[in-house]
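Visitor: Take a look at the letters that make up each chain.
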Amino acid sequence: MDERPVRIFPLGNSALTVEFGNVINEDINRRAIALAEYLEQNRFPGFVESVPAYASTTIFYDLATVRSHFPEFETAFAAVEQIARNAGPKSNPSSTAEIRIIEIPVHFDFENEFDLAFVAETKGLGIEDVVEIFTSKTYLVFMLGFLPGFAYMGEVDDRIAMPRKETPRISVPKGSVGIAGKQTGVYSLESPGGWQIIGRTETEMFTPNAESPSLLQPGDRVRFVAVK
Amino acid sequence: MSMLFQKAGILTTVQDLGRQRFRRFGINPSGAMDRTAVRLINTLLGNDAGEAVLEMHFPAPQIIFEANAVAAIGGADFAPTLDGQRLENWRPFIVKKGSVLKFTGKITGNRAYLALKGGFKTDEWLGSASTNLAVGIGGFKGHKLEHGDSIPIKAKVKSKKAKADYRISNSLIPHYSRFPTVRILPGAEFEFLSERGREMLLHQDFTISTNSNRMGFRLTGEPITLAEPCESISSAVDFGTIQLLPDGQLIVLMADHQTAGGYPRIGHVITRDLPLMAQLGANDKVAFHLVKTADAENLALEFEREVNLLKVAVRLKTDF
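Protein chains in written order, with the numbering used here: chain A, 1 to 228; chain B, 1 to 320.
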């Protein structure tokens, strides 16, 4: 067990966050996902859900149920904090877990209404270079958020990493593939957004009535494949 | 056997207590803004506290009932009338087939709720009837109510025998105000505020900006400063989370909040006081008062106990 100090703090009166660090790092992310998974598999009375993020897991609970089941604690927060601390060592990321690799076909040939040419120009590269660099890596899904089914993936090669647009677009079409810093992601729905849009996919990232509504899950690996 | 919307109102949606357990897929819980009101009027009618209700803003809808029903309204007071007779919030009322429900003025608050005994037929998604407008799913076909829409009523009521001469006691009803003091817990980045920043957070009245909606309330006031810049990477946020924006202004996340955020979390509105926040509208004011986790929990538990008492009382009284 990695014994780096974790910080646990309340997120209001019905949730707490276990923070493993404040950096984007695969090992830390794996610990966050492992803790969330462990708690989903080993639910305590009052457990509602666990939400892994880059470097933290947030545990939502029903405080009345927690209080009635753990009367020895002064607060539900203290009870769940103890549960989280005990779960830590048991939730080591397993090396045997199956890693899903998902391929997402992307069109990079659309008109210059978005940011592919801008990214190339800013970075002193040709458009083909940007596409080549972007598609040559396998990305890790660190977390989901922002929109239903929107996966924060990384890490994008420094040669094409770009900050968000200064003024976000009022509408980014569904299926847009974007870059923000060293992160990449696919807009699962049409939405306002500030990421640099370099491509477009027809893959449905989010299918509301599917058994698993989100194509991607934390811990998945993703390869973007250029559609010729 | 439906409720027919002769006028839709400016933003009328089907909501319940929210869609839990899917946040890790980026699916936000949605749900009613004033959940206390929803729980109270559902409990008053003998419904499950999480039965789907209508959330209405002003101008509110005009509804003709095509069946008998027993109903209750809570939250904001929009001066409701049934066939011209003024109705009182927090008190069940009998609706005869053909009756028309109108809302004639904005007296207090910004979100009124209508519940029917037995509920109405809605579209459930992932265990909740709440409308997710961004995805376009849940509630009534995934969108807000439009003129001419019609929602089927579930329960049949024999109106002749129905009686409903009681109401929720004042002690249970939130003390709605246009300038409430709302209790908060410190957030993870509270400690990074400068001394003056803390002062500014806890000793001024913030104005609810017109740029506020079901996702979040933007507050305007004297800017709040950090002692040193603090960089955060995205992590989960919740209904009631108070985020500090780079320009020193605050945003309070509301029912349609996204699941994750990266701005400093300087506080969280406690559950007990969320309805006070939820009923605010543009140009209303709010002040914050810091409490401890144990206080926030005990205030929430106190309300749970009172709702349980109400549930028992209703069971003893109900004869419709």
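Worth flagging that the hints you see were computed from the coordinates, not collected in a lab.
Just so we're clear, the structure is a prediction, and the values are computed from it rather than from any experiment.
Some hints could be false.
Claimed, not checked - Here are the simulated EDC-like pairs of lysine to aspartate or glutamate, each with C-alpha atoms no more than 20 Å apart in a straight line:
no., chain 1, residue 1, chain 2, residue 2
1, B, Lys292, A, Glu74
2, A, Lys165, B, Asp83
3, A, Lys165, B, Asp295
4, B, Lys144, A, Glu190
5, B, Lys141, A, Glu74
6, B, Lys292, A, Asp158
7, B, Lys106, B, Asp83
As the list claims (entries may be wrong) - Facing chain B, a subset of chain A residues (Cβ under 8 Å, in silico):
no., residue
8, Val48
9, Glu103
10, Gly124
11, Met162
12, Glu166
13, Thr167
Said to hold, decoys possible - Stretch-level coverage of chain A by chain B, calculated; a stretch enters the list once three of its residues show a Cβ under 8 Å from a Cβ in chain B:
no., region
14, 23-37
15, 50-59
16, 85-92
By construction, the Cβ of each residue, glycine as well, lies at the ideal position given by its N, Cα and C atoms.
Visitor: Mind listing which of the numbered hints don't hold for this structure, in increasing order?
Guide: 2, 3, 5, 6, 9, 10, 11, 12, 13 and 16
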